[in-house]
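Peer 1: These are the residues of each chain, in order.
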Amino acid sequence: MESAIKQLLVILTPLLFVANLVQSFFYLPEADRREGGGHMPHWFYYTLLFLFFGAMMFALLASSLPFMWVAVELTTLVSAPLIAYHRDKGSLEAMWKYLLICSIGIALALFGTMLVLHAQSTGSARWYMAGFAFVLAGYGTKMGLAPFHTWLPDAHSEAPAPVSALLSGALLNCSFFAIVRFREMMPDAAAPFCDNAMLALGILSVAVGSVFMVRQTDFKRLLAYSSVEHMGLIIVLFSLCPSGRLAGLALLAHIVAHSLTKTLLFQTAGNLLLAFRTRAVSVVQGLGVSMKGHAMLWMAGLILICGMPPSVLFLSELALVFSASVWGSATILALLFVVFAAMMKVGLSMTMGRPIASHEPLPKRLVVMPAILLVVLILAGIYICACAALEIS
Amino acid sequence: MLTLSEIVLALFLIADLALAGASRLKYAIRFVAIQGWMVGVLPILLWNWQENGCPGARIWIIAVVNSLVKGVALPMLLEYAVRKARTRRELEPMVSFQLSRFIVFLMAIGGFAIGRLLHVHETVASELAIPVAFTTMGTGLLLICARKKAITQVLGFLVLENGISLFGAGILLEYGIVVELGILLDVFALVFILGIAIFQINRTFASTDTDQLNHLGDTHLMHPHHKHDHVHD
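As you go down the protein sequences, you meet chains A and B in turn. Going letter by letter, the first sequence gives residues 15 to 407 in my numbering. Going letter by letter, the second sequence gives residues 197 to 429 in my numbering.
Hints were generated in silico from the structure; no laboratory data involved. Hints are supplied without guarantee of correctness; some may be wrong.
Listed below are several chain B residues computed to face chain A (Cβ distance under 10 Å; list not exhaustive) [stated by the list, open to error]:
1. M333
2. A346
3. F363
4. E376
5. I389
List of simulated lysine to aspartate or glutamate pairs, EDC-like, C-alpha gap at most 16 Å [what the hints assert, rightly or not]:
6. A:K378 <-> A:E44
7. A:K306 <-> A:E374
8. B:K222 <-> B:E275
9. A:K103 <-> B:D405
10. B:K344 <-> B:D407
11. A:K103 <-> B:D407
Even for Gly, the Cβ is constructed at its ideal location relative to N, Cα and C.
Just chain A, with the same shape it has in the complex (with noise of 0.2 Å):
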């Protein structure tokens, strides 16, 4: 599963960078034009977007674990002052936030990490297991599972669209891969603890997302929390893998379903904030009206993410299903449901109707990655589920 999950993310990882360059090269500008003032330099701001994508392919990469240590609190180093590009109070206070609890986050990890390396020399089931849990809380933080996730709608929110497809897409698989190395590591005396900490905490975070995206007023925050709806299922769903083949595959495909249709709607939200110069989902309203390009974007990519077919997610999330307990399975379709529900809620309200307010209009290049990914993403989610449909009957 482990080497599974890193050739997958070694490829995806790259794909995404590049998505979110290009989107970069046309966001900041427009950005810059309509805040105004007090942003970090282009050049800089490019720096440190190169060396996050590296210190993350160097956390995917690393030979040892106390390396891949180094490296996942290097991504952290690197992406902070990215989230404080405008340099607003928002920022600023979101910043502090991501670097204060993720570092002490990162920090409980190290302290895992040197249990479990203790661990190997006296071959203590009881010493592998606090190791894990300490792994799994700290690399947890840095992944967004509750009840260690605070941090990450305040980043999500406040960071330019780019940063916030980019953190959410591809950081939070990177912390996921970090927690998968453990969990390959255990022996079978630890493994049933570590399996039931990932489904006790996967479904909090299901829980925890789900709750807090109710009455959500903020379209960035909205999305934020889905992330941690879908860090939740991605551990449920790895904690369930051996039990047997179909959630391994499952895991496979929610990573690179979620991670895609995440960047389309970070983007397209970045859009809108550009064109609105607010994130209020009560001002952003009769989008399909005024701009009905990014209405269909918006209400296709949050149609995909909650696992409508023919989205990949739909297939994953019914393999989840199966694969649970039935207690599980019920309980997370139960979340799912009003996690359907609040998205839908927050989709209609800004595509349908009448425009409240007034928006400058967006230059066309702002469209194009979104689209591709949403084509792709569409295409992709036809292919499978056809290909599934064929496999059961």
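Chain A is fixed; fit chain B onto it per the hints.
Peer 2: Frame of chain A, contents of chain B only:
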């Protein structure tokens, strides 16, 4: 018999207690610097000289670099931040200094109890190392949670990191030189970036109190009549 390493570990514990009660940031930074020095030299003190002879170049290099970074460079950086941000002392801690000292004292007792429970004394260099490491980590977390000034929270992170390094030294963990220097570089860069963030926070908010940093969040979802205005930015 009382060895040199045990004296150092006892001093570490005293530094934890002193940090919990330190109100002037200048002194708090000095206590962290002293801890940094001690973390740096501890691998040499814990080395088994009788059996293994003189330690290799790896141990010496790491000890020197560790002491210089944690005992000199980082404290200087923080003192610079204190001067620039014009914050001399922690005035209104969320948990009083007396209570903080008492909590650290309780954590020390807890640390010794856990050390006994884990049956670590066969595998570690000194029986004191693990309990002191736990107490120091707890002190770091306490400083982060119970203090308002941004600089004290950075200090708390450094104390937490010192506790973890102490744990690594206590169980005689060896990563290899590149990794240890990498960890050190990460910590250094983190404190550097946090220092820059403190300047920017001080300039933007005209204060380094972290209770200014609470405008983001979803509390308005629970109280719909008190909406924050941050959404309109």
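Peer 1: If you test the structure against every hint from before, which numbers come out violated?
Peer 2: Of the numbered hints given earlier, the structure breaks none, since each of them holds.
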